[in-house]
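> Top line first, the protein sequences correspond to chains A and B.
Using the working numbering, read the first sequence as starting at 1 and increasing by one per residue.
Using the working numbering, read the second sequence as starting at 339 and increasing by one per residue.
I should point out that these hints are in silico values taken from the structure, not numbers from a laboratory.
Ideal Cβ placement from N, Cα and C applies to all residues, glycine included.
Careful, some of the hints might be misleading.
What the hints assert, rightly or not - A few chain A residues that face chain B, going by a derived Cβ cut-off under 8 Å, partial list only:
hint : residue
1    : C141
2    : W218
3    : S263
4    : D264
5    : L270
6    : H302
7    : L325
8    : N334
9    : F336
10   : R338
Stated by the list, open to error - Far from chain B, some chain A residues (derived; all Cβ distances over 12 Å):
hint : residue
11   : G20
12   : C158
13   : P200
14   : R210
15   : N236
16   : A320
Each chain, letter by letter, is given below.
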Amino acid sequence: MTMPKQVDLKTIARDLLTKGKVEVFIGYQAASLPLAAAPLIIHGAKDSVDASQSMAPDAERDMMARKVAALIFDDRCEMNLVNYLHKFKDRKTAVVVKGCDSRSVVGLLQEKQVDRKNLVIIGAPCRGVVDRRHVAKLMGCDASREVDREGEHFRFQCAGSWKRVKVADAIYTACRECQVHNPVIADYWIGAPVPQPDLPELTAEMEALRKASPDHRWTRFHKEMSKCILCYACRNLCPACYCKTCFADACKPKWVGRTDDPSDAMLFHLQRLMHLGGRCTGCGACVRGCPMNVDLRLYNDHLRSHVKQEYGFMAGMDSAVHPPLAMYSMGDCNEFIR
Amino acid sequence: MNNDHPSEFREWQPRILAFLCNWCSYAGADLAGVSRLQYPPNVRIIRVPCSGRVNPAYILKALQDGVDGVLVSGCHPGDCHYLTGNYYARRKFRLLKELLDFVGVEDGRVQFSWVSAAEGAKFSQVMTEVTEKVRALGPNRRLAKRIVKM
Numbered sequence: 001m002t003m004p005k006q007v008d009l010k011t012i013a014r015d016l017l018t019k020g021k022v023e024v025f026i027g028y029q030a031a032s033l034p035l036a037a038a039p040l041i042i043h044g045a046k047d048s049v050d051a052s053q054s055m056a057p058d059a060e061r062d063m064m065a066r067k068v069a070a071l072i073f074d075d076r077c078e079m080n081l082v083n084y085l086h087k088f089k090d091r092k093t094a095v096v097v098k099g100c101d102s103r104s105v106v107g108l109l110q111e112k113q114v115d116r117k118n119l120v121i122i123g124a125p126c127r128g129v130v131d132r133r134h135v136a137k138l139m140g141c142d143a144s145r146e147v148d149r150e151g152e153h154f155r156f157q158c159a160g161s162w163k164r165v166k167v168a169d170a171i172y173t174a175c176r177e178c179q180v181h182n183p184v185i186a187d188y189w190i191g192a193p194v195p196q197p198d199l200p201e202l203t204a205e206m207e208a209l210r211k212a213s214p215d216h217r218w219t220r221f222h223k224e225m226s227k228c229i230l231c232y233a234c235r236n237l238c239p240a241c242y243c244k245t246c247f248a249d250a251c252k253p254k255w256v257g258r259t260d261d262p263s264d265a266m267l268f269h270l271q272r273l274m275h276l277g278g279r280c281t282g283c284g285a286c287v288r289g290c291p292m293n294v295d296l297r298l299y300n301d302h303l304r305s306h307v308k309q310e311y312g313f314m315a316g317m318d319s320a321v322h323p324p325l326a327m328y329s330m331g332d333c334n335e336f337i338r
Numbered sequence: 339m340n341n342d343h344p345s346e347f348r349e350w351q352p353r354i355l356a357f358l359c360n361w362c363s364y365a366g367a368d369l370a371g372v373s374r375l376q377y378p379p380n381v382r383i384i385r386v387p388c389s390g391r392v393n394p395a396y397i398l399k400a401l402q403d404g405v406d407g408v409l410v411s412g413c414h415p416g417d418c419h420y421l422t423g424n425y426y427a428r429r430k431f432r433l434l435k436e437l438l439d440f441v442g443v444e445d446g447r448v449q450f451s452w453v454s455a456a457e458g459a460k461f462s463q464v465m466t467e468v469t470e471k472v473r474a475l476g477p478n479r480r481l482a483k484r485i486v487k488m
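Pulled out of the complex, with its shape left as it was, chain A reads as follows (with noise of 0.2 Å):
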C-alpha cells in the first residue's frame, strides 16, 4: 500500500467539507466529562439532508467553521466512530479512524454495507487511548482534563499538579494487545505511523483460561455474565452489529429474555458472540461502553485466535477476503462429529 498522504486534521476537514467532496465528517471533540472525547459530526454544505432550516449562508459557514476549529484527535479519542457510518450510508463522509476503527471500515466494506466510493478515510496512526475510568482510580482523582504524552509515560494534570503514569498502566487493554496500530486502510493520515510492537499470539490470561479446568472456566463466565444488566451497550457500540431489528429486540420469535437471571445475559452473549463470530476485530468498544465491567473481549478474543488458527483469517484486514462463515472448505474439520 502506497503511503497516504499525511495532512493536517482541520485543514483537510476544512477542504472537504467547504469544496463539497464530502457531505458529512465525522470526529471527535473534547467532551465534558474529564479526559473524554465526543464524536463531533459535521454537516457540509452541499448536505441536502441536513436542511439548514433558514440559517444565512454566513452563519451557516461560521458554524461549519466553528466546529472544525472544534476537532481533535489526541489519547482521548476511544470512541470507534465507524458505528455512524450506517447513518450515513448514501452520502459522502469522512470518517477519522485509528487503527482498530480502520479494520471496522475494512469489516463493512467486506459484508457490502458502505460504497468505498462514498468514504473519505482519514487514518490516525493510534498509540492507544486512555482508559479514562482506570486512570481515575489509579490516581484518586478524576477532575483531569488534559493529558500530555512523554516517552513511556502519561502526564495528568491533578488538583493543580501534574502527575505521571506509565502509558501501558493507563491504556486500555485493547490498547495494550492491539496489533494494528496504523490504519490498514486510508486516504490521508493525520499523523506519521507509528512502531508496532511484537505481540505474542494470546495473552497470558488466555493461555491461562484454556487450560483451565471447564468448572473453572464456567465460574469465569458465570461470574462476568452476572454482571452484566443487559443494557445492550456493547451492541449499540459495536460497528459490526448494524441489524435494523436486533434478534435482542425480536419478540417472534424471543431469543432472549430480559430477566435478572444470569442465564438471559448468558444467552444474550452467546447467541451475539456466534453473531460475531470470525468478524469481531477486537477494537474495544464493548468493554469501554460496559457499565459493569464485563470482560466481553475474553470471549471474542478465544473465537478471533480460533478462527485465525482454523482459517487463518482476520477480521478487518483485507476488504477482498470473504469472511470465513459465508464460505466452506472440503478440509474442514470433521473429527468433532460422529
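Use these hints to put chain B onto chain A, whose structure you have.
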C-alpha cells in the same frame, strides 16, 4: 413436567433434543424404528429440512429451557440434499462447540453426527451413546433458567 426435582417415584432421566435433517438423519431414525432397533426413549426429535437450517440459537435456547443434551444430525459431507447446507453447518457448529467449551458448558451436552437414511443401526447407536453420556453428566444446571412457579 418438572424434571429438576426427582420425585420419590422416579429418578432423573436425561431429556435430549435432537435436530434431525429431513432427508438423511430423520429417515435414518425412521429406519431404526421400522427395524425395531432399540434405543433409549429419552430423545425428542425435531425435523428440520437441513442441518444447515439449525440456528445455533436453537441449541442455546434449548439448553436455557432445561434440556439436558442436544444432538444435531445431518447428511454426510457430499450427500446434502441441498448440496452445501451441511458444509456451512459444519463451520457453524465448530464455532459453537469452541464457544461452549470455552465458557465451560460440559463436553458432551451438545453433540453432532452425520447419519444417512440407510444408517438405522448407526442412529440407534448414536442415540444410545449420547443418552449415556448426558446421563453421566447429570442434569443441565449451567445454562438453564430457573422459572419460579408461584
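> Would you mind marking each hint as holding or not holding in the structure?
How the hints compare with the structure:
1. The restraint placing C141/A at the interface with chain B is violated, with a minimum CB-CB distance near 38 Å, outside the 8 Å limit.
2. A distance limit of 8 Å between C-beta atoms decides the matter here; for W218/A the minimum to chain B is near 3 Å, and the interface restraint holds.
3. This hint holds: S263/A has a C-beta 4 Å from the nearest C-beta of chain B, less than the 8 Å allowed.
4. For the restraint placing D264/A at the interface with chain B, the shortest Cβ-Cβ distance is roughly 7 Å, inside the 8 Å limit, so the hint holds.
5. Hint status for L270/A: holds, given a least beta-carbon distance of 5 Å to chain B, under 8 Å.
6. The beta carbon of H302/A comes within 5 Å of a beta carbon in chain B, closer than 8 Å, and the hint placing it at the interface holds.
7. Checking L325/A against chain B: minimum C-beta separation of about 6 Å stays under 8 Å; hint holds.
8. Residue-level restraint check for N334/A holds (minimum Cβ-Cβ distance to chain B is 7 Å; threshold 8 Å).
9. Contact between F336/A and chain B, as hinted, is supported at the beta carbon level, the nearest pair being about 6 Å apart and thus within 8 Å.
10. About 4 Å separates the beta-carbon of R338/A from the nearest beta-carbon of chain B, less than 8 Å, and the hint is met.
11. Every CB of chain B lies more than 12 Å from the CB of G20/A, the least distance being 45 Å, so the non-interface label holds.
12. Once the 12 Å rule is applied to beta carbons, C158/A is consistent with being away from chain B; the minimum gap is 40 Å.
13. Separation of P200/A from chain B is adequate, the least Cβ-Cβ distance of about 19 Å exceeding the 12 Å criterion.
14. With 12 Å as the threshold on Cβ separation, the claim that R210/A sits away from chain B is violated: the shortest Cβ distance comes to roughly 8 Å.
15. In this structure N236/A is separated from chain B by more than 12 Å, as the shortest Cβ-Cβ distance comes to about 20 Å.
16. Every Cβ of chain B is farther than 12 Å from the Cβ of A320/A; the closest lies at roughly 20 Å, confirming the non-interface assignment.
Going through the hint list in order, the structure does not satisfy hints 1, 14.
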